[in-house]
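Participant: Protein chains in written order, with numbering that gives the first Met the number 0: chain C, 0 to 249; chain V, 0 to 242.
Calculated from the structure, these hints are not laboratory results. Some clues are possibly wrong.
Residues on chain C that point at chain V, a partial pick, calculated with CB under 7 Å [what the hints assert, rightly or not]:
hint, residue
1, Leu-49
2, Val-50
3, Lys-51
4, Gly-67
5, Val-71
6, Arg-76
7, Pro-101
8, Met-197
Even glycine gets a Cβ: it sits at the ideal position worked out from N, Cα and C.
What follows is the residue order along each chain.
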Amino acid sequence: MIEIQRISKSFGDRQILKDISGVFEKGKPNLIIGASGTGKSVLLKCIVGLVKPDTGTVFYDDRNFTDGDRKVKKEVRREIGMLFQGGALFDSKTVEQNVCFPLDILTSMPKEEKAERVNQVLTRVGLANANKKMPSELSGGMRKRVGIARAIVNNPKYLFCDEPNSGLDPQTSILIDELIKELTVDYDTTTIVVTHDMNSVMGIGDNIMFIFQGKKLWEGANKDITHSGVKELDDFVFANKVMNAMRQNT
Amino acid sequence: MKEIGSYFIFLGNLFINRESFRTQYRLIVDECVLIGLDSIFLFVLVSTFIGAVTTVQTAYNLIAPYIPNYVISQVVREMTLLELAPTIMAIIYAGKVGSSMAGNLGTMRITEQIDALEVMGINAVNYLVLPKIVASLFMYPLLVIVAGSCSLLGGYIVGVLTGIIAPTEYIYGLRYLFNDFTVTFALIKAFAFAFLVSSISSFKGFYTKGGALEVGISSTKAVTTSVIAILIADYLLAQLLLA
Ligand SMILES: Nc1ncnc2c1ncn2[C@@H]1O[C@H](COP(=O)(O)OP(=O)(O)OP(=O)(O)O)[C@@H](O)[C@H]1O
Ligand SMILES: [Mg+2]
């Protein structure tokens with residue numbers, strides 16, 4: 000479980016995040032949704048410690064990550080896996096080396112065990128035969144999947160995905176969403192997924208936080224999202240033609 | 000001014016939260032190979048030609064019959080050791096290696112590869128930049144030695160082939176009134192420039208913001224700033240060590 004308390008962040012004189020609090024539960028995907036540029040990625044970066052919030056605190060299972068000492072931070076970092084918006088694969092390394100990297104850095108596993116683990120996660124994301132490929136030879140969807148493989152290789156307790164399916168076709172998107180959900184349930188991770196894709200919201204959104212211009216305006220499950228009574232959320236949800244057609248029909 | 004401040008903070012970060020010696024050693028070797036492959040051809044080419052041209056130019060300007068021929072190679076030697084090998088080559092080094100360092104780090108920044116390292120708790124400045132600086136400190140002086148030799152050789156080849164100077168005269172000139180401090184001085188400059196180019200270029204690349212366009216801008220700025228720093232350092236070192 001991850002809890003954030005009153006997170007605010009400004010860049011220069013522009014306030015990006017305004018006093019956001021919330022709880023992200025274990026064993027199911029937690030979604031952060033909102034339009035482009037509302038600060039979703041910045042919020043995620045605050046949570047994982049890449050950006051230091053101006054005020055507010057992040058707790059990882061009651062460990063204070065924001066103001067904790069270096070030992071706590073190091074401990075938490077070992078338990079984090081993150082998929083970046085563009086995959087963020089190291090482009091001088093092969094797929095295999097990319098996926099193995101967290102194991103090289105964070106563990107002292109013997110070589111054979113590492114190789115086995117790498118193959119295991121690559122198979123899991125459906126890329127069993129791509130070991131020796133370079134990132135530049137991969138398609139966007141494959142990069143995302145390698146990114147996921149790298150994020151989960153060290154059995155993280157906390158998994159973060161920044162727009163796992165932006166730029167992918169609807170079918171691949173669904174596969175990736177399903178994959179994230181499966182991994183979350185199987186390994187009982189606390190998973191946070193940033194997205195603006197309504198398909199994901201309807202598919203895996205048991206627990207959703209809606210951000211609008213840096214403020215949290217709503218939270219709840221996807222079954223309630225169409226009747227939230229929040230105008231900004233309605234605008235966001237029904238911007239999707241399918242959702243809008245559904246609303247007209249009922 | 001603020002930028003100079005963050006440059007020094009950046010340098011301070013090089014040594015915080017270090018990787019294991021083995022990891023660093025491997026990264027440094029990789030960088031050395033990269034730098035060597037990147038620049039050796041250009042260095043040999045440019046320095047050989049400059050040596051050759053200096054020989055021809057000097058000969059052309061020394062027409063008085065009472066000046067002995069060996070003065071030509073003596074001039075080539077001094078030019079090479081004092082300015083050409085360490086300083087002019089540093090400018091080329093900034094253009095070739097510095098810009099590629101900045102481009103490389105800039106790309107890693109905008110594609111979030113640096114963030115990916117930091118999420119895992121790696122100090123990216125230590126992991127990515129320190130090996131570049133150390134490799135540079137190691138490789139650039141070597142390249143300067145190569146460039147210096149090529150320049151003298153280029154002068155020899157052209158001088159002898161065109162009949163400007165006899166082989167024995169050229170060698171005699173190279174050794175005539177030779178002060179070995181010039182070599183030390185050239186190497187001191189080489190270390191200083193290697194550090195400036197690699198650290199400034201890395202700094203510019205590391206803090207790239209935006210997209211592909213900004214990576215290009217960072218590369219260009221890395222070269223401009225490095226060249227200015229080289230020239231200032233060149234002047235200061237000359238004042239300090241030769242005056
Ligand atoms: N390091 C930074 N410095 C200054 N401004 C920033 C920085 N990072 C983000 N911003 C600004 O914060 C705002 C929110 O950006 P963010 O990346 O969080 O949007 P987002 O909600 O993730 O959008 P998208 O869905 O397009 O990814 C943007 O206006 C951006 O310009
Ligand atoms: Mg984003």
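Participant: Against this structure, judge whether each hint is valid.
Facilitator: Each hint, compared with the structure:
no., hint, verdict
1, Leu-49, "holds (5 Å)"
2, Val-50, "violated (9 Å)"
3, Lys-51, "violated (12 Å)"
4, Gly-67, "violated (13 Å)"
5, Val-71, "violated (12 Å)"
6, Arg-76, "holds (4 Å)"
7, Pro-101, "holds (6 Å)"
8, Met-197, "violated (25 Å)"
Of the numbered hints stated above, those contradicted by the structure are hints 2, 3, 4, 5 and 8, listed in ascending order.
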